[in-house]
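Asks: Quick mapping for you: the protein sequence lines, in order, are chains A and B. Mapping the first sequence onto the numbering used here, position 265 (from 1) lands on 288, and the numbers just tick up by one. Mapping the second sequence onto the numbering used here, position 200 (from 1) lands on 223, and the numbers just tick up by one.
For the record, the hints were derived by calculation from the structure and aren't laboratory data. You may find that some hints are simply not true.
For chains that are exact copies, the list does not tell them apart, and a pair is met inside one copy or across any two.
DSSO-like, lysine-lysine: derived pairs with alpha carbons at most 30 Å apart [what the hints assert, rightly or not]:
| no. | residue 1 | residue 2 |
| --- | --- | --- |
| 1 | Lys57 | Lys223 |
| 2 | Lys223 | Lys265 |
| 3 | Lys256 | Lys223 |
| 4 | Lys141 | Lys256 |
| 5 | Lys265 | Lys141 |
| 6 | Lys57 | Lys82 |
| 7 | Lys57 | Lys256 |
2 protein chains.
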Amino acid sequence: MSASPTSSELSAYCLDLARRARTASRLLATASGKRKNDALLMAAAHLGDAQEVLAANEKDLAAAGEFGLSAAQIDRLRLTPQRLHEVIRGIREVAALPDPVGQVRSSSVRPNGLEVHKVGVPLGVLLFIYESRPNVTVDAAALSIKSGNAIILRGGREAMHTNRALHRLLTYSLRQCDLPEDAVQLVETPDRAAVGHLLKMNDLIDLVIPRGGEALIRRVAEEARMPVLKHYKGICHVFVEKSADFDRAERIVLNAKCQRPGVCNAMECLLVEEPIAAAFLPRAAAVLRQRGVELRGCPQTCRLVPEAIPARAEDFDTEFLDLVLSIKIVADLDAAVAHINRHGSGHTDAIITNDLSAARRFTAAVDSAAVMVNASTRFHDGQEMGLGAEIGISTDKFHARGPCGLLELTSYKYIVYGEGHVRGE
Amino acid sequence: MSASPTSSELSAYCLDLARRARTASRLLATASGKRKNDALLMAAAHLGDAQEVLAANEKDLAAAGEFGLSAAQIDRLRLTPQRLHEVIRGIREVAALPDPVGQVRSSSVRPNGLEVHKVGVPLGVLLFIYESRPNVTVDAAALSIKSGNAIILRGGREAMHTNRALHRLLTYSLRQCDLPEDAVQLVETPDRAAVGHLLKMNDLIDLVIPRGGEALIRRVAEEARMPVLKHYKGICHVFVEKSADFDRAERIVLNAKCQRPGVCNAMECLLVEEPIAAAFLPRAAAVLRQRGVELRGCPQTCRLVPEAIPARAEDFDTEFLDLVLSIKIVADLDAAVAHINRHGSGHTDAIITNDLSAARRFTAAVDSAAVMVNASTRFHDGQEMGLGAEIGISTDKFHARGPCGLLELTSYKYIVYGEGHVRGE
Chain A
24 MSASPTSSEL SAYCLDLARR ARTASRLLAT ASGKRKNDAL LMAAAHLGDA QEVLAANEKD
84 LAAAGEFGLS AAQIDRLRLT PQRLHEVIRG IREVAALPDP VGQVRSSSVR PNGLEVHKVG
144 VPLGVLLFIY ESRPNVTVDA AALSIKSGNA IILRGGREAM HTNRALHRLL TYSLRQCDLP
204 EDAVQLVETP DRAAVGHLLK MNDLIDLVIP RGGEALIRRV AEEARMPVLK HYKGICHVFV
264 EKSADFDRAE RIVLNAKCQR PGVCNAMECL LVEEPIAAAF LPRAAAVLRQ RGVELRGCPQ
324 TCRLVPEAIP ARAEDFDTEF LDLVLSIKIV ADLDAAVAHI NRHGSGHTDA IITNDLSAAR
384 RFTAAVDSAA VMVNASTRFH DGQEMGLGAE IGISTDKFHA RGPCGLLELT SYKYIVYGEG
444 HVRGE
Chain B
24 MSASPTSSEL SAYCLDLARR ARTASRLLAT ASGKRKNDAL LMAAAHLGDA QEVLAANEKD
84 LAAAGEFGLS AAQIDRLRLT PQRLHEVIRG IREVAALPDP VGQVRSSSVR PNGLEVHKVG
144 VPLGVLLFIY ESRPNVTVDA AALSIKSGNA IILRGGREAM HTNRALHRLL TYSLRQCDLP
204 EDAVQLVETP DRAAVGHLLK MNDLIDLVIP RGGEALIRRV AEEARMPVLK HYKGICHVFV
264 EKSADFDRAE RIVLNAKCQR PGVCNAMECL LVEEPIAAAF LPRAAAVLRQ RGVELRGCPQ
324 TCRLVPEAIP ARAEDFDTEF LDLVLSIKIV ADLDAAVAHI NRHGSGHTDA IITNDLSAAR
384 RFTAAVDSAA VMVNASTRFH DGQEMGLGAE IGISTDKFHA RGPCGLLELT SYKYIVYGEG
444 HVRGE
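Bound conformation, chain A alone (with noise of 0.2 Å):
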């Protein structure tokens, strides 16, 4: 298409692209496993000697500049053979699962022999939509052809010309194992328009998964007609209950805000309880400003601990993604949970304990997609959990909530066989 299209050029390219999508869908559905998995093995070989790609991401890099990327930014942009190889490991992950489509989920046989199957299949034509990194681009195409989805990428303009090699890549290897190339297509017009009438498109679009900043998750949920699967953001807390193991305690504080402070799964807000600040918000305070955390305290906080600068009432409700905490000292445990379903963003909160009652009261109550006891806030993902790769977390309740992998990227459908089985009144 035209490279400034009129708004009905767009409609009808986005309407073509995602009627393709609905028909590749249709014949992924039922295609083997071993018809998936040789495909993205086969793309898996093609990225191990990817010149084509490798170039292309420099022609990108080139004109970051006139994108205005920050540094960090163009660091996610950059793909390097290491990174490449990341890539590859992560197809051939994905690969090796289990196929989610047409397994049996439970199954059971009625008193008058009829019998009840509960079987995975797709959901049909996924949208995602994205940021920068383009590693993503291949992560979620792999999720997408091996659970049976058609997906419509939407990356980043500042990516294109490597999400394009990536994408002739992927097709070619649809194609050369006899799969629909359709069953992955990427929006190449820039114009943000596009975004605009996909979301409208609910008949031939499942699922929307939009990835990066709350803005743009806030928008794509408020237009789309379609389910969205999401997450606005991370506000994650650690409490330290007054039987906390304080080494225990403080290596997992340490390693929820420090070790990547920039994700969602990282704290936000430490809370402690009141009977044990005074012992052990002083000695974690220190270790936290030892590794460059700013510390901003409730004022009994800001008296126990003199690091710690005063924090304001929105810094309880506010994901810094950056090497800063919130620190409260709470009552007790009722105090902390209500301060976390009050505060928090349903995403991930950690109790560190040694009183089993207290852990069973915590994990009830706290609301959130994962509730840690004695353990990083950081575990809260698809590898770490054992589910495999994930195409993002969620923090709805309705469908899949937490990592999303293959099995929540399927629905299900019920077989039922009879032997000539009619019902009575």
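Given chain A's structure and the hints, the job is docking chain B onto it.
Replies: Just chain B, lined up with the frame of chain A:
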């Protein structure tokens, strides 16, 4: 509230109702299974001696003329001691089902010793919009209480007296068992705008379940800001494949069409494979005509079956809900599948066959919530499929598909136990 509230009064009324439901849902979410069952059994006991409910139902029946109800609608509105007995049995069955909340759905131990449990949790607040049958009021409330969800009931205005009496009895039982009575709310105003207000409250209501005519469901799906659990209609097919046993096929065709023609899982269209059409269709048509079924056939059918009248194109897209059947002769299994995926509603479709390969191809390719092999479409039902009582059937692929009972009214969270685990690079 007053009989004709202003829009802002109505909005405030709905907001208050939804907020109270939200607060109650938090309490109900952690209530013990024992307490929830006690409340259900107490409601069942009170219904056994429910003069108040029967008297209220008499009032509704006396006013039925004002609403212009048909004889069939008045019959559905009527509560008899026999129907109350069925309602009571239904509550007891729900009480006897396992509690879906806190149930561990899957569990694994990671190589590093981290224990990952996937545990059932309630969705939160349900909005249930339905038409005149008052037994549905109790069924829905029972499923909701048992699954730990608060529910907002919006019944038909022609059943308002009955629903008020049932609602009083349900909230009384909740209160007596120390559960929040706000967990079951009744929208008491007949004003239709109330539904519009509630459908916008996606912060307070987690799921809406409309049950009724297609127009109602489309309106709800269009306006709702929260997920909708629904099926628009049931255009169900029976495909008689060329290897089918004719006696068996005839028995199933009769059952699927005639046993209860007014329900969503009744057959609306019969497909017959061409090679057996001349042998099978005349005998099947004869018994269907004996049972008073009007036959609307494709041209080829009309040549074989003189009693059939020519079908119009729209007959193949119509849910008759009556003793009317469309009939089409198809070239082969692929043509049957193509017809079903195009004209069906993704609800229930059956194949009658003795050919294993045909059964496997049909069940894999038909994209419907339930696919039957040698069994009547009438078996697509929560009780018949062993899933327990249902609040409705879903033809969507997101979250739940097919019969929706206790499991489908819940979500899950991950609870992860460690022993001081931190994440490495």
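Asks: Now tell me if each hint is right for this structure.
Replies: Cross-check of the supplied hints:
1. Lys57 x Lys223: neither (34 Å within a copy, 46 Å between copies)
2. Lys223 x Lys265: Classified as neither; 51 Å inside a copy, 42 Å across copies.
3. Lys256 x Lys223: both (24 Å within a copy, 23 Å between copies)
4. Lys141 x Lys256: So Lys141 and Lys256 pass the 30 Å test across copies only (22 Å; inside, 34 Å).
5. Lys265 x Lys141: between (46 Å within a copy, 27 Å between copies)
6. Lys57 x Lys82: neither (36 Å within a copy, 65 Å between copies)
7. Lys57 x Lys256: So Lys57 and Lys256 fail the 30 Å test inside a copy (37 Å) and across (37 Å) alike.
In the structure shown, a violation is registered for the earlier hints numbered 1, 2, 6 and 7, in ascending order.
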